[in-house]
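Protein chains in written order, with the working numbering: chain U, 1 to 457; chain D, 458 to 875.
Covered, in the sense of this in silico footprint (three residues per stretch, anywhere, with C-beta under 8 Å from a C-beta of chain U), are these stretches of chain D: (1) 476 to 485; (2) 492 to 501.
Chain D residues, not near chain U, derived (Cβ > 12 Å throughout): (3) E535; (4) E554; (5) R559; (6) R567; (7) S570; (8) K613; (9) K626; (10) E629; (11) E647; (12) R662; (13) L695; (14) A697; (15) L722; (16) L784; (17) E850.
Covered stretches of chain U, going by a simulated chain D footprint (3 or more residues, C-beta under 8 Å): (18) 22 to 31; (19) 70 to 83; (20) 87 to 100; (21) 131 to 138; (22) 321 to 330.
Quick caveat, the hints were computed from the structure, so don't treat them as lab data.
All values derive from a computational prediction rather than experimental measurement.
Where a beta carbon is used, it is the ideal one built from N, C-alpha and C, also for glycine.
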Amino acid sequence: MDQSFLKELAAIAGAEHTLTDRESLAVYGYDSTPELESRPGAVVLPATTGEVARIMALCHGAGVAVTPRGSGTNLSGGSISFSGGVVLQTSRLNRILEIDEENLTATVETGVITSTLHKEVEARGLFYPPDPGSMNISTMGGNVAENSGGLRGLKYGVTSDYVMGLSTVLPDGDLLKSGGKAVKNVAGYNLNDLLVSSEGTLGIFTEVMVRLIPKPVAKKTMLVHFPELEQAALTVSRIIAARIIPATLEFLDRVTIRCVEDYARVGLPLDVEAVLLIEVDGHPAVVEEDAAAIRAICEKHRCSFFQTAGSNDEALKLATARRVALSALARFKPTTILEDATVPRSCIAPMVKFIQETAKKYGLLIGTFGHAGDGNLHPTCLTDERNRDEIARAHAAFEEIFDAAIAMGGTITGEHGVGVAKKKYLPKLVGESGLKVMRGIKSAFDPKGILNPGKVI
Amino acid sequence: MDYEKLINCMRCGMCLPHCPTYRETFLETASPRGRVALVRKFQEGELSVSDRFLEYLSLCLDCQACASACPCGVNAGELVAEFRCEKKDGEGLSFMEDLVLRRLVPHPDRLESSMVPMRLYQRSGLQRVVRKLGILKMFPAPLERMEGLLPQLPGKPLRRTLQEVTPAKGEERGTVGFFLGCVMSLIFSEASFATVQLLSALGYRVVTPKEQKCCGAPNMLAADRQGLEAAARFNTELFAGYELASIVTDCGGCGAELKKYGHHLHGDPAALEFSGKVRDISQLLDANAERLAPLLKPMDIAVTYHDPCHIAHCQGIRQEPRRLMQLIPGLDYREMNEADACCGSAGTYNIERPEMSDKVLGRKVANIRKTGARYLVTGNPGCLLQLKKALAEGNEPVRVIHLTELLLWSMNGTAPAP
Ligand SMILES: Cc1cc2nc3c(=O)[nH]c(=O)nc-3n(C[C@H](O)[C@H](O)[C@H](O)COP(=O)(O)OP(=O)(O)OC[C@H]3O[C@@H](n4cnc5c(N)ncnc54)[C@H](O)[C@@H]3O)c2cc1C
Chain U
1 MDQSFLKELA AIAGAEHTLT DRESLAVYGY DSTPELESRP GAVVLPATTG EVARIMALCH
61 GAGVAVTPRG SGTNLSGGSI SFSGGVVLQT SRLNRILEID EENLTATVET GVITSTLHKE
121 VEARGLFYPP DPGSMNISTM GGNVAENSGG LRGLKYGVTS DYVMGLSTVL PDGDLLKSGG
181 KAVKNVAGYN LNDLLVSSEG TLGIFTEVMV RLIPKPVAKK TMLVHFPELE QAALTVSRII
241 AARIIPATLE FLDRVTIRCV EDYARVGLPL DVEAVLLIEV DGHPAVVEED AAAIRAICEK
301 HRCSFFQTAG SNDEALKLAT ARRVALSALA RFKPTTILED ATVPRSCIAP MVKFIQETAK
361 KYGLLIGTFG HAGDGNLHPT CLTDERNRDE IARAHAAFEE IFDAAIAMGG TITGEHGVGV
421 AKKKYLPKLV GESGLKVMRG IKSAFDPKGI LNPGKVI
Chain D
458 MDYEKLINCM RCGMCLPHCP TYRETFLETA SPRGRVALVR KFQEGELSVS DRFLEYLSLC
518 LDCQACASAC PCGVNAGELV AEFRCEKKDG EGLSFMEDLV LRRLVPHPDR LESSMVPMRL
578 YQRSGLQRVV RKLGILKMFP APLERMEGLL PQLPGKPLRR TLQEVTPAKG EERGTVGFFL
638 GCVMSLIFSE ASFATVQLLS ALGYRVVTPK EQKCCGAPNM LAADRQGLEA AARFNTELFA
698 GYELASIVTD CGGCGAELKK YGHHLHGDPA ALEFSGKVRD ISQLLDANAE RLAPLLKPMD
758 IAVTYHDPCH IAHCQGIRQE PRRLMQLIPG LDYREMNEAD ACCGSAGTYN IERPEMSDKV
818 LGRKVANIRK TGARYLVTGN PGCLLQLKKA LAEGNEPVRV IHLTELLLWS MNGTAPAP
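Construct the complete structure from the given sequences, taking the supplied hints into account.
Structural data, given as structure tokens:
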């Protein structure tokens with residue numbers, strides 16, 4: 001990179017927060033996506049919106065690409081700079097600016113860690129529901145950019161359902177403010193919704209205002225064992241068909257159960273085909289009623305064991321065990337290739353079955369877990385990146401799984417984003433006209449194409 | 458270095474929020490995920506070992522909070538320590554290391570004599586004069602920090618005064634060996650004496666073999682494999698000479714090291730047996746909770762607990778000390794935030810990397826003070842040294858004590874002196 005450019009960059013964020021040494025660049029070349037890596041030309045960690053704006057203006061002038069990065073935990077290669085440009089890490093933008101208990105909003109800088117916000121608002125009896133598995137490290141900016149979901153998505157929705165306002169630094173350094181505290185707002189295009197899930201390609205979020213809700217008074221966490229996989233999957237659809245919306249309805253298959261138990265030791269059974277982790281919350285009477293109805297449905301579908309968490313601690317342990325499922329799968333093999341195929345809820349059973357058959361057909365070890373209540377599954381292939389043949393088979397298998405998901409009326413990614421990893425599948429899903437509109441939006445925001453180039457479209 | 462272990466890291470980042478140095482810097486190079494990547498990239502030939510490369514790795518406290526957090530079973534802290542050890546292996550020991558590790562540490566007598574001048578220094582009042590005049594400011598910074606950490610030394614090291622066999626009080630329930638850590642004996646002899654009294658009160662006959670040597674942890678730290686293995690072999694043989702149900706230590710650091718003797722001596726059966734018998738004092742006391750509880754008298758104090766890395770992360774012991782404290786009637790136990798976060802002591806880290814150590818310590822102190830407790834309980838001499846100094850300052854001092862001191866106070870019904 002040009003020395004005078006780097007000097008100017010360092011003048012904005014401070015030399016201490018501008019990294020160009022070999023070692024730093026080497027470790028900013030990856031995120032949580034398997035098989036993808038590329039070194040940036042520099043890394044910068046600004047501390048204020050003003051610094052972000054000046055950095056963007058500088059890069060815009062110099063024609064240098066910028067890739068935003070929160071904690072680098074996304075699973076689609078979104079925070080990797082493939083053009084040797086600047087990686088802009090938002091971690092130092094980490095202040096909680098306001099928790100407005102009258103309007104039920106929280107305004108935070110985008111480097112704030114998701115679970116930090118949870119703790120702050122819950123201490124006030126409030127609730128910010130989106131809780132991705134990575135919530136203890138993912139940033140709010142990353143959540144907005146990926147429109148992250150979580151374990152409570154079934155009842156409470158995903159990040160976009162909570163974003164009320166954004167401060168976004170545009171590629172040329174201008175600041176765009178969208179949305180605000182007014183609950184109703186139809187002035188012009190809905191820019192918030194356009195920006196959510198833009199994966200760092202339209203602007204850099206520096207502040208986000210989210211909607212809060214009252215914290216549910218009661219909750220009940222249940223763990224149900226199933227000797228038959230299909231019965232577990234059917235149970236998911238039946239619970240929803242019975243007009244019960246649990247906060248959480250998570251599915252883990254046998255392979256996943258073994259890995260999770262190996263790490264978390266929470267007493268998961270090793271001899272069943274699947275477990276469901278179910279959580280209902282709300283008014284105590286409703287919670288009791290829902291739990292009883294769920295139990296009846298599970299029993300009808302031949303569950304072998306139905307456990308209700310006795311304490312908050314126990315419930316937390318079970319939920320935590322589920323949250324680390326992906327990482328725990330990595331205990332088995334060096335490489336885990338995980339997908340994010342999502343189908344309508346009624347198709348969970350055929351989808352799970354299809355995944356198993358495909359795994360067998362290609363001779364692969366695939367563990368499946370996921371937000372079953374949302375129809376969002378994470379079939380995860382346990383492999384070794386050095387085994388090129390197996391890797392090729394894995395990719396072929398996933399191609400079939402995607403096709404099946406689309407055929408069932410589903411999608412290729414429910415929450416992990418397109419990034420570069422899913423880019424080639426996007427046309428299949430959105431079609432030529434979809435791509436055309438997306439390209440138009442991109443060039444309206446970023447005519448020079450310097451913001452996170454090569455991603456999504 | 459085992460390449461398989463390196464590639465098992467899937468880069469999910471679950472370790473990042475648990476790493477004290479990442480929390481302070483937000484830098485990938487200062488995170489467990491980044492350190493594993495650095496070592497991996499060296500192995501793959503992408504990076505070479507430069508001063509800067511080693512500088513990044515040496516920022517690791519080796520607190521192993523990352524290991525507790527890692528769902529894939531990668532121990533980044535240990536991998537980094539092993540790597541630094543391998544890199545140093547060829548170099549041999551420096552003059553100072555040779556002096557300390559070969560001529561001093563393995564010889565308890567010499568180690569104890571070396572403390573005599575220190576004791577004189579304190580008793581004669583010279584320490585007061587030196588501190589007042591700020592004479593140490595004229596010397597290199599590490600010396601000043603070391604001096605500052607030193608608390609009031611006991612009259613005599615415990616190893617000198619404790620008999621080899623302490624009989625059980627009342628009906629005898631078995632014999633346990635006591636591994637008396639060097640720093641415990643030299644500086645925190647009161648706590649270790651409390652340990653022995655508690656064991657005896659619970660009906661254990663306590664054997665403290667006089668010839669025992671340093672556990673070898675300092676050798677490990679200095680990448681001195683030879684010294685480490687010698688220590689492991691010596692202690693294994695020594696304790697094998699007694700009929701012991703278990704081997705108890707009240708030093709978290711020693712405990713973690715002793716439990717690895719089997720590994721250090723490459724699966725040697727005697728060493729494995731030794732390691733299998735090692736218990737942190739909190740484990741043994743907790744196992745006897747039913748018999749301990751009736752012996753404890755009420756205490757009207759607010760207490761919080763700091764998990765030493767060597768106890769929580771290296772040995773996986775978290776609940777035992779908490780349960781024990783809460784056996785004391787009337788005691789107001791308050792859990793602090795991030796109780797299992799490192800205090801920044803980390804062996805000699807607080808002397809080698811003072812700037813980062815102070816940041817990590819600052820966060821710890823703030824979390825302790827937030828509880829409002831006037832007593833901090835912990836179980837490792839490094840933490841005791843580091844936190845005693847930090848918490849004595851300010852107008853609301855917090856008293857730092859070992860778990861066994863608290864329990865003995867309660868057993869004896871002695872109200873702690875302010
Ligand atoms: C173990 C594990 C579990 C996971 N569980 C879930 C889950 O349950 N649900 C889910 O949805 N995801 C999950 N993820 C994926 C990932 O954690 C989320 O996508 C998360 O939101 C990423 O946050 P981050 O801070 O790490 O962002 P990064 O990975 O750093 O960045 C993600 C994308 O956002 C962009 N970006 C980041 N910050 C900004 C900003 N301030 N402005 C503009 N663009 C920005 C980046 O350019 C990149 O394209 C999981 C990942 C792991 C490793």
